[in-house]
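**Student:** Order-wise, the sequence lines are chains A and B. Quick note on the working numbering: the first sequence kicks off at 494 and runs consecutively. Quick note on the working numbering: the second sequence kicks off at 5 and runs consecutively.
Note that these hints are calculated values from the structure, not bench results. Note that the Cβ used here is the ideal one computed from N, Cα and C, for glycine as well. Incorrect hints may have been included.
Unchecked claim - Derived DSS-like pairs (lysine-lysine); straight-line CA-CA distance at most 30 Å: (1) B:K207 - A:K724; (2) A:K541 - A:K530; (3) B:K207 - B:K163; (4) B:K163 - B:K97; (5) A:K724 - B:K229; (6) A:K541 - B:K229; (7) A:K541 - A:K780; (8) B:K98 - B:K229; (9) A:K780 - A:K530; (10) A:K595 - A:K738; (11) A:K738 - B:K229; (12) A:K530 - A:K724.
Said to hold, decoys possible - Short, incomplete list of chain A residues facing chain B, as computed with Cβ under 7 Å: (13) P626; (14) I654; (15) A684; (16) V688; (17) Q692.
Claimed, not checked - Examples of chain B residues toward chain A, derived with CB under 8 Å: (18) G83; (19) S222; (20) E228.
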Amino acid sequence: MTLPDQSTDASGFIPLGRARQVGELAAAQVAPQTAPKRARITAITSGKGGVGKTFVSANLAAALTQRGERVLVLDADLGLANLDVVLNLTPKITLHDVFTGKADLDDAVLPSPGGFSVLLAGSGMVEYSRLTPEVRNQLLAVVETLAPRFDRILLDTGAGISDVVLFAVSLADEVLIVTTPEPTSLTDAYATIKVLASQQQRRLIRLVVNQVNRSGDGRVIRGQLQLVVDKFVTPHLIDPATPLKLEFLGDVPTDPAVREAVLRRRLLLDVMPGTAAAIAMGVVADKLMA
Amino acid sequence: MSTLPHPDAPLQLNTALQLLQSAGRELPDGLSVGSPPWLQAVIDGLCELSSRDALTGLANRRQFELTLAREIDRVARAGEPALVLMADVDHFKKVNDTYGHLAGDQVLQAVAHTLLECVRPMDTVARFGGEEFAVILPNCPPAFGQTVAERIRRQVERKPVNVALGVDVSVTISLGGAFAPQWVRSSAALWVERADRQLYLAKTSGRNRACLEQPAISQVSAEEKGMLFGTSQFQDLFE
Chain A
494 MTLPDQSTDA
504 SGFIPLGRAR
514 QVGELAAAQV
524 APQTAPKRAR
534 ITAITSGKGG
544 VGKTFVSANL
554 AAALTQRGER
564 VLVLDADLGL
574 ANLDVVLNLT
584 PKITLHDVFT
594 GKADLDDAVL
604 PSPGGFSVLL
614 AGSGMVEYSR
624 LTPEVRNQLL
634 AVVETLAPRF
644 DRILLDTGAG
654 ISDVVLFAVS
664 LADEVLIVTT
674 PEPTSLTDAY
684 ATIKVLASQQ
694 QRRLIRLVVN
704 QVNRSGDGRV
714 IRGQLQLVVD
724 KFVTPHLIDP
734 ATPLKLEFLG
744 DVPTDPAVRE
754 AVLRRRLLLD
764 VMPGTAAAIA
774 MGVVADKLMA
Chain B
5 MSTLPHPDAP
15 LQLNTALQLL
25 QSAGRELPDG
35 LSVGSPPWLQ
45 AVIDGLCELS
55 SRDALTGLAN
65 RRQFELTLAR
75 EIDRVARAGE
85 PALVLMADVD
95 HFKKVNDTYG
105 HLAGDQVLQA
115 VAHTLLECVR
125 PMDTVARFGG
135 EEFAVILPNC
145 PPAFGQTVAE
155 RIRRQVERKP
165 VNVALGVDVS
175 VTISLGGAFA
185 PQWVRSSAAL
195 WVERADRQLY
205 LAKTSGRNRA
215 CLEQPAISQV
225 SAEEKGMLFG
235 TSQFQDLFE
């Protein structure tokens, strides 16, 4: 027999689709993944609210911008956005408008004081505080679209370990947890670390300790957290041979300047760059970029 | 079954047709040999053959991995809960040694049949290798995981396998299971390894049981808190 001449045949008629599907897996393992340059995505989260997560996000973005990175801060705290309050922005277009199709994503990305870009959630996002497949897909699409345009995206997530927070964190290449030395804050940070280690198989979590009395306290706290993690978390991981490591990025001293900057709704790095807290934020940025 | 009219037709196609024939897969009547619809039918038949395990008729390892890769995509995208169960026949070597390999094959076929009976049509039951089976359960809520694993275990235990006239062999299986991490692109290898770890636990804790990986727990025990705040060095920070 002779095989039919495929060039003269209706080419779509022999869809080798099913045959391809079988070969797909083998091919996927061989084909090199040449990923185009895209932003490094850093989730900033905390177990407990009110530890200065958004303060850290905004000022870290400013510090990274000063060091030459193109930074976007995405307000991933869908239910309770307050990045706009910290930055004194009154956005006309928010993520909510993008999700509802009222605005283009490009128009929702706004310039912020500090020289970076922000994408604010808007108060209408409260209805998204429960994670539905639609919200997931939309948030995923937003991050995928914006990633090639920046060097870094900071995801300012909500507090706690709700499904929205865990999803936002799951989009990130790396996680930064903000805590204070307060026992309740530390307990919640530790609970978050536990969940991220087991649910998302995170093996490196970065730590910023805010509101410390003395510089160096944060390092002690990281050490203590690491001991508890080594004893109670790592042994229960799928692969205990690869322990979960907590990396200390820096501590930010309790500083009256922080309160003043927040009250004036200005970036600390803009208005009081020489204060201890502002300098500490620079150290965190340096470590993050290293 | 069509036969090839041409004597010097490619040998591979001959082999393919023989394979289809021996597997009892008929090509539809009325297709002219060599025509595109005929070729399509041959390809379909080969695809079907290459995705099945010859002994049990279940999905084979290749098909399992393909389905698993798709499921990982879906879970990462939609965040639906999905479960993988690994099941292994207990003391299978003893069956082979006592009753012969043919009886062993019958046991594998019977277990395969029971597995299929216990799950939904949307689930994938596969022969993973030797006496090990794997089940992929898409959209399986965590609360149902243990129930379905236990149902499978009990059904197998309840049905002795008739391997010869008047000879019934009691068979049990051990199961291990793990849910895919939601919203995260896991790797197939890691997911199977987690389920396998639970299977190992089920085996070492006495066999004929189902162990599922426990979901992430966010509670912090008093012992953990004690260690977190207990040391004197740390206490200084709060003064």
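**Student:** Hint by hint, say whether it matches the structure.
**Tutor:** Evaluation of the provided hints:
no.	hint	result
1	B:K207 - A:K724	26 Å, holds
2	A:K541 - A:K530	34 Å, violated
3	B:K207 - B:K163	20 Å, holds
4	B:K163 - B:K97	19 Å, holds
5	A:K724 - B:K229	12 Å, holds
6	A:K541 - B:K229	16 Å, holds
7	A:K541 - A:K780	24 Å, holds
8	B:K98 - B:K229	49 Å, violated
9	A:K780 - A:K530	21 Å, holds
10	A:K595 - A:K738	43 Å, violated
11	A:K738 - B:K229	19 Å, holds
12	A:K530 - A:K724	39 Å, violated
13	P626	5 Å, holds
14	I654	5 Å, holds
15	A684	5 Å, holds
16	V688	5 Å, holds
17	Q692	4 Å, holds
18	G83	6 Å, holds
19	S222	5 Å, holds
20	E228	5 Å, holds
Of the hints listed earlier, those the structure fails to meet are numbers 2, 8, 10 and 12, in rising order.
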